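Chain by chain, the residues:
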Amino acid sequence: MKKYKASTISLIAVLIGFLLASLLLLVTGRNPVNMFIAILRAMIGFDLTHPEKGVNILYPLNWLLNSMPVILTGLSVAFAYRTGMFNIGGEGQFIVGALACTFVAFYVPLPAGIHTVACVLAGGLAGALWAFLPGFLKAMRNINEVVICIMLNYTALYLNTFMIRNVLPININTLHETVKFPETVSLGSLNFGTASKFNWGFVFVIIALLLYWFIIEKTSFGFSLRATGFNKEGARYAGMSTTKNTVLSMMIAGAFVGVAGAIVTIGVYGYGRIFDAFDNYGFDGISVALIGACKTSGILFGGLLIGLLKSATTTLQRMGMTKSITNLIQACILILIAIQYGIVLVLNMINSKKDKKVKEDA
Amino acid sequence: MLNMISEMFPIALMLATPLIITALGGFFSERSGVVNVALDGCMQIGGFTAAAVLVLLSTSGFKGGIWWAIICAVLASTLFVSIHAFASIHMRADQTISGTALNVLASGLTIYLCEIIFNQERTNSYSMSEVFSRVSIPVLKDIPVIGKLFFTNNYPYTYVAFILVVIVWFAAYKTSFGLRLRSCGEFPQASASMGVNVAKERWIGVLLSGALSGLGGAFLVLSTDTQFTGASVHGLGFVAIATLIFGKWNPWGILGAGILFGFAQTLSYYVSGTAIPQEVMSMVPYLTTILVIILTSGKQVGPKASGEIYDPSKR
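If you read the sequences in order, they're chains P and S.
Position in the first sequence (first residue = 1) + 11 = my numbering.
Position in the second sequence (first residue = 1) + 221 = my numbering.
Hints in this document: simulated from the structure, not taken from any laboratory.
Be a bit skeptical, because a hint or two may be false.
[As the list claims (entries may be wrong)] Which stretches of chain P does chain S cover? Using the computed rule of at least three CB atoms under 8 Å from a CB of chain S, they are: (1) 16 to 30; (2) 150 to 158; (3) 277 to 283; (4) 339 to 347.
Predicted model only: the values in this text are computed from it and were never measured.
All C-beta atoms in this analysis are idealised placements derived from N, C-alpha and C, irrespective of residue type, glycine included.
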């Protein structure tokens, strides 16, 4: 059986995913062409139905803005996955990251700049601590991390509500968020004169991407993490501390998400808020990591793709399409990546037919 | 105190019912060797189908739509979970990933269909006269203590859950079908050598898990809500997995664990007006789950081959 590059399989999965979603739209009586028009618009702001308006830089900026957190959560899921763990606790880590960031913003007075960095780091630290328990329980008692992570997601949701209602300075007009952060906490604005909230938070994303690549590919620590994920018993036999690796890997994974929670809170909102439901950044990270096959460049690509889908939701709604269609595209892609063995089988079949033809022609 | 407990029991049982039934579904799947993280998604599909069918039938003036609602929920969820069966049995998929994919699909699909059918992000509401109300069981309700706790003033769904526990236990431990199915979750290569068709047994296990969790989701929506929304299931499928783990992969254990989790959820209804903040009590079911899993861990009692890709050439 021939091996295929992970990127080939991902690309095929993405294409078929879009195809399946289009089919579903057709079956339910909607026009799939509108979906692609909306996605093109979300990408460069070019509206095919009004071509005279040209491109609008607001849209690519919003695309990048939406990609920032999902690249981070994608890195998180990928980091844990390389060590043989499934980090489905991103939602909870995201919320505690946002919460810790809010605490530092209000209660740790620091000069501008440093204050922002402290907030982001606090978010990362909180995410890491929130991910400690599932990692620890997996390492010490072999407890399924999936269930623990999900339970911690809901715990974080209610913990955040409690803190904002009872401890943090709440906005008495809405009773749904805190008052504005002090001016020393800000990620600036890079909107080039548009209404976009794109900000300097992308610097943290680039640092995270580089860190991921460096730790996983270039350090002996990363090697032992990968060895643990590949064959736990083998890694233990080779003298690696698989217990320590499992816990640390989960914590680093949690830190990535915590940072995402902080930069979204500072950059997009500028205040702490009550989560009525999950923002889905953590779950999106699973798609990102799997589309990217847990490779640095792949995660960047996957993050930009999922970010595009996220930023297309408003355009879709405006064009009379339901926004849940982006969820469906994502689910189709995920399922296809899960059954990539089938994709390989089909590719092999096509190739062997080609080979036969070539032989017959000769 | 005793009064309060007997007052809490019907609520706890109402909340425990979907957990028990869904966990019984997970029992079949894991015993046959396939981890089904998609229980949550199956519950969503079941809950959505039940609510949608009931609303559509009752608005067109059809009486007794609830039976069709439940039947359709089971069928829809079984059909839905067959994606997971195909992926994990024939396509060597990572079962956690394929299950997660189904969960994403379920939350997207249910809301999408709501938007298509009802033009909003949830189904329309059905009237309470369309669904079953609470009943007591004659004779059994007169048994001292037990009668008052278990057989008085419950939804019929709860009695279905009790009966299912017995049926599942009998099917899994007293029939040759159960033995074959369980063997595939322990050592599939050995089962295959005895002529058991591992793929077939696993298909049965996964499909049963879909059917039961669809039923659980339907019962959840029909007993606790008047419509299906994106928040109807709120992760209860995962609590059902925890119920399965805490119940030590055994139908009777699942019954006990389900009732305990039902109680944990009931507590949050009882604190409004007390000094304990409601958010703290909302955390209780989830924290109890974690605590209980920690306390019962250590002894590996789950099916050995559960979650492993079946490779016939492995020894």
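Evaluation of the provided hints:
no., hint, verdict
1, 16 to 30, "violated (count 0)"
2, 150 to 158, "holds (count 6)"
3, 277 to 283, "violated (count 0)"
4, 339 to 347, "holds (count 6)"
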